Amino acid sequence: MSIPVYMLKRVLQAIPLLFIISIMSFVMLKMAPIDPLAHLRANPAISMSAIKEEEERLGLNKPPVTQYGIWLANLVTGNLGVSVQGADVFILLMQRAGNTMLLSSLSILMTWLIAIPAGIYAAVYRGKIIDKVFGIISAIGMSMPTFLLALLLLMFALATGWFPIGGLTSQDYYDLDAFGQFLDIAHHLVIPVMVLTFVGLAGIQRQMRGNLLEVLRAEYVRTARAKGLPENVVLYRHALRNAINPLLTLFGFEFAALLSGAALTETVLAYPGLGRLTLEAVLTKDMNLVMASLMLGAVMLILGNLIADILLKVADPRISLD
Amino acid sequence: MGVDQVAIAALNPLIPTTDSVPLVRKSPFQKLWADKVARTALVVLTMLYLCAGFADPLTPYSMYYNDPDLANAPPTSVYVQDEQGNWTWPYVFAVKRSFDPNTFGQSYTEDHSKRYPVKLFIPGEEYKIFGLIPFNLHLFGVNSPARIFLLGADVNGRDNFSRLFFGAQKSLTIGFLGLFISYPIGILYGAISGFAGGITDNIMMRIAEAIMSIPSFYLLIALAAILPAGMPGGQRFALITVILSFIGWAGLARIIRGMVLAIKEEEFVYAARAVGMTEINTIIKHVVPQTMTFIIIAATLQVPSFILSESGLSFIGLGIQQPDASWGNMLKAALDNVNDLLEQPWLIAPGLAIFVTILCFNSLGDVLRDVLDPRMQGIS
Numbered sequence: 001m002s003i004p005v006y007m008l009k010r011v012l013q014a015i016p017l018l019f020i021i022s023i024m025s026f027v028m029l030k031m032a033p034i035d036p037l038a039h040l041r042a043n044p045a046i047s048m049s050a051i052k053e054e055e056e057r058l059g060l061n062k063p064p065v066t067q068y069g070i071w072l073a074n075l076v077t078g079n080l081g082v083s084v085q086g087a088d089v090f091i092l093l094m095q096r097a098g099n100t101m102l103l104s105s106l107s108i109l110m111t112w113l114i115a116i117p118a119g120i121y122a123a124v125y126r127g128k129i130i131d132k133v134f135g136i137i138s139a140i141g142m143s144m145p146t147f148l149l150a151l152l153l154l155m156f157a158l159a160t161g162w163f164p165i166g167g168l169t170s171q172d173y174y175d176l177d178a179f180g181q182f183l184d185i186a187h188h189l190v191i192p193v194m195v196l197t198f199v200g201l202a203g204i205q206r207q208m209r210g211n212l213l214e215v216l217r218a219e220y221v222r223t224a225r226a227k228g229l230p231e232n233v234v235l236y237r238h239a240l241r242n243a244i245n246p247l248l249t250l251f252g253f254e255f256a257a258l259l260s261g262a263a264l265t266e267t268v269l270a271y272p273g274l275g276r277l278t279l280e281a282v283l284t285k286d287m288n289l290v291m292a293s294l295m296l297g298a299v300m301l302i303l304g305n306l307i308a309d310i311l312l313k314v315a316d317p318r319i320s321l322d
Numbered sequence: 001m002g003v004d005q006v007a008i009a010a011l012n013p014l015i016p017t018t019d020s021v022p023l024v025r026k027s028p029f030q031k032l033w034a035d036k037v038a039r040t041a042l043v044v045l046t047m048l049y050l051c052a053g054f055a056d057p058l059t060p061y062s063m064y065y066n067d068p069d070l071a072n073a074p075p076t077s078v079y080v081q082d083e084q085g086n087w088t089w090p091y092v093f094a095v096k097r098s099f100d101p102n103t104f105g106q107s108y109t110e111d112h113s114k115r116y117p118v119k120l121f122i123p124g125e126e127y128k129i130f131g132l133i134p135f136n137l138h139l140f141g142v143n144s145p146a147r148i149f150l151l152g153a154d155v156n157g158r159d160n161f162s163r164l165f166f167g168a169q170k171s172l173t174i175g176f177l178g179l180f181i182s183y184p185i186g187i188l189y190g191a192i193s194g195f196a197g198g199i200t201d202n203i204m205m206r207i208a209e210a211i212m213s214i215p216s217f218y219l220l221i222a223l224a225a226i227l228p229a230g231m232p233g234g235q236r237f238a239l240i241t242v243i244l245s246f247i248g249w250a251g252l253a254r255i256i257r258g259m260v261l262a263i264k265e266e267e268f269v270y271a272a273r274a275v276g277m278t279e280i281n282t283i284i285k286h287v288v289p290q291t292m293t294f295i296i297i298a299a300t301l302q303v304p305s306f307i308l309s310e311s312g313l314s315f316i317g318l319g320i321q322q323p324d325a326s327w328g329n330m331l332k333a334a335l336d337n338v339n340d341l342l343e344q345p346w347l348i349a350p351g352l353a354i355f356v357t358i359l360c361f362n363s364l365g366d367v368l369r370d371v372l373d374p375r376m377q378g379i380s
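Protein sequence lines, in the order shown, are assigned to chains X and B. Residue numbers for the first sequence, in our numbering: 1 to 322. Residue numbers for the second sequence, in our numbering: 1 to 380.
Hints in this document: simulated from the structure, not taken from any laboratory. Being a predicted model, the structure only gives us computed values, none of them experimental. Backbone N, C-alpha and C define an ideal beta-carbon position, used for all residues, glycine too. Fair warning: there could be bad hints in the mix.
Unchecked claim - Cβ-Cβ distance ranges computed for the label pairs, FRET-style:
{"id": "1", "chain 1": "X", "residue 1": "Lys132", "chain 2": "B", "residue 2": "Leu58", "range": "48 to 54 Å"}
{"id": "2", "chain 1": "X", "residue 1": "Asp88", "chain 2": "B", "residue 2": "Phe140", "range": "55 to 61 Å"}
{"id": "3", "chain 1": "B", "residue 1": "Gly105", "chain 2": "X", "residue 2": "Ile185", "range": "43 to 49 Å"}
{"id": "4", "chain 1": "B", "residue 1": "Gly258", "chain 2": "X", "residue 2": "Val133", "range": "51 to 57 Å"}
{"id": "5", "chain 1": "B", "residue 1": "Ala34", "chain 2": "X", "residue 2": "Lys132", "range": "15 to 21 Å"}
{"id": "6", "chain 1": "B", "residue 1": "Pro228", "chain 2": "X", "residue 2": "Ala42", "range": "16 to 22 Å"}
What the hints assert, rightly or not - With the Cβ distance kept under 10 Å, some of the chain B side facing chain X (calculated, not the full set):
{"id": "7", "residue": "Ala34"}
{"id": "8", "residue": "Ile133"}
{"id": "9", "residue": "Tyr218"}
{"id": "10", "residue": "Pro232"}
{"id": "11", "residue": "Leu347"}
Chain X extracted, bound-state conformation (with noise of 0.2 Å):
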């Protein structure tokens, strides 16, 4: 199977199980015993005929299957209602996700950097004291709270002054010409990813470091050695290659791991990203907004596994698609 007709197979059977999520959040919420409308009733800068426009429009005084029909009629057209500040939910989430996406993608992008190499040093020097000290490192990652380390990161900003604590953007963003945005943005992204990074490296560095030793002990590899040839041909060329088809499977899972975890890492430095968000339309029982948040988080969940799985199949051929 060639890869695009691939990719539609799969998007197509996506659609199935974003319905199936899209009823069980719709259920969840509404076992909720929770006015949806309340904190519009609430707030004096939404009219009533907004208000009157929402009821209608999720179909409140409509049995619930009904409203599941509404609000999925809704959606179709790209209609995800109002959040309870009176925003429009489709704008304010895809601020937030690309901040969130901004965030994911570097830490991602920072840990493989760290990682694969810190792996494969690992596994060349297995048993030497760096081994033994990435092995330290790694452990104490894994175990290591991202709300903790954000809040120690913090502390360190504090007690240093070289990064601003929180946020994305200073209060003066907008005076500044395009490099200097680009600089602030780049300061204040500097702890989150620092968290993501730390807490993300270990699982990687562990697996990269596993299968190249596994790999290594490979016949391929012993007759690579045989015929002569250099340390670093076997070990990149020939070796590397194979070991990290696995990985890349670790890819997708690490995607949703990171928009999990960013979610408490976000909250504690203040990053407008999707997690916070979502945990704000949590607290405020935001109906709306959880709603689409939770179907934009299974989206980007399951796209990651599509990318995962392409990346899989370019890089191993006998990988059969089906």
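Position chain B against the provided structure of chain X, taking the given hints into account.
Same frame as chain X, now just chain B:
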């Protein structure tokens, strides 16, 4: 070493011939105990659980004890030297709060007129050991009006040090409770799905996948938000456990299904069917036991993830609620005072407790995996 053994060892180079390595197989627990890391982890975990179990006698104050005059007080200084520099029995001073109307700052000053020695086995608040035996002795404490707050007081003037022990009761048990709910469900669900095959399998797996496809933390907070605010502490704790379990079972079910698919083609399963065993009995008696090694390993690594989820949930205020203590909701104080964290580093203590616990469980799980299943070595 007997003659036969020497002969065998000579023929087989893989069997060590030195007397220091006996040819007796060690039990898994012995192997675990022989490993330095695993032994340390086991000892630390045992100590943590003992601290949680005997929280009342070990701590100077109860979970709810509060002294509103000492809200947010820093840790009490314990002195072991008097003014002349002579070593004495540890003692503390009573602390008074004063308010500066110009800076709106609060300061805590020690009243040096009277010393309060730290007393061992001091009678204090009444409690019941394991909820049964009434008792009132505490391992250490000081007489009123002095207080011994080793990690300072929280915003309500409660002793952080004592609450760390009571928080351990919740944070440490939730991991195992979650396991006891989610594992039977996950194992049976996966086993039935894999064994049944066909449409049943298809539907069951799509449902499990749907649960796995929602980022777990989002699902967690959405479910926790359903719980009404004014719920009693015990009930809330139980429901949080149920929620954590609800999220935990799906991934396990999927893996068990895969294993069952492989196992059900084995001959002993055909044999069980041939002698007329019912399907459900075949699953429980013959298929599930084959997955045991994996389940034990996965369970050891699952406990810390439950603990982490509970702490995360309580940390953001959706889990265990005040006045009950849990490590997560105690760490929330650090988040609430984030700008003054440098002046109050002791607020981080509950976070370190979480870290140490998880580190121990993870290390134990790693060694256990190597011991029980050498094939999985090095693969995390």
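task = Compare the structure with the hints numbered earlier in the document and write down the numbers of the violated ones, lowest to highest.
result = 1, 3, 4, 7, 8 and 10
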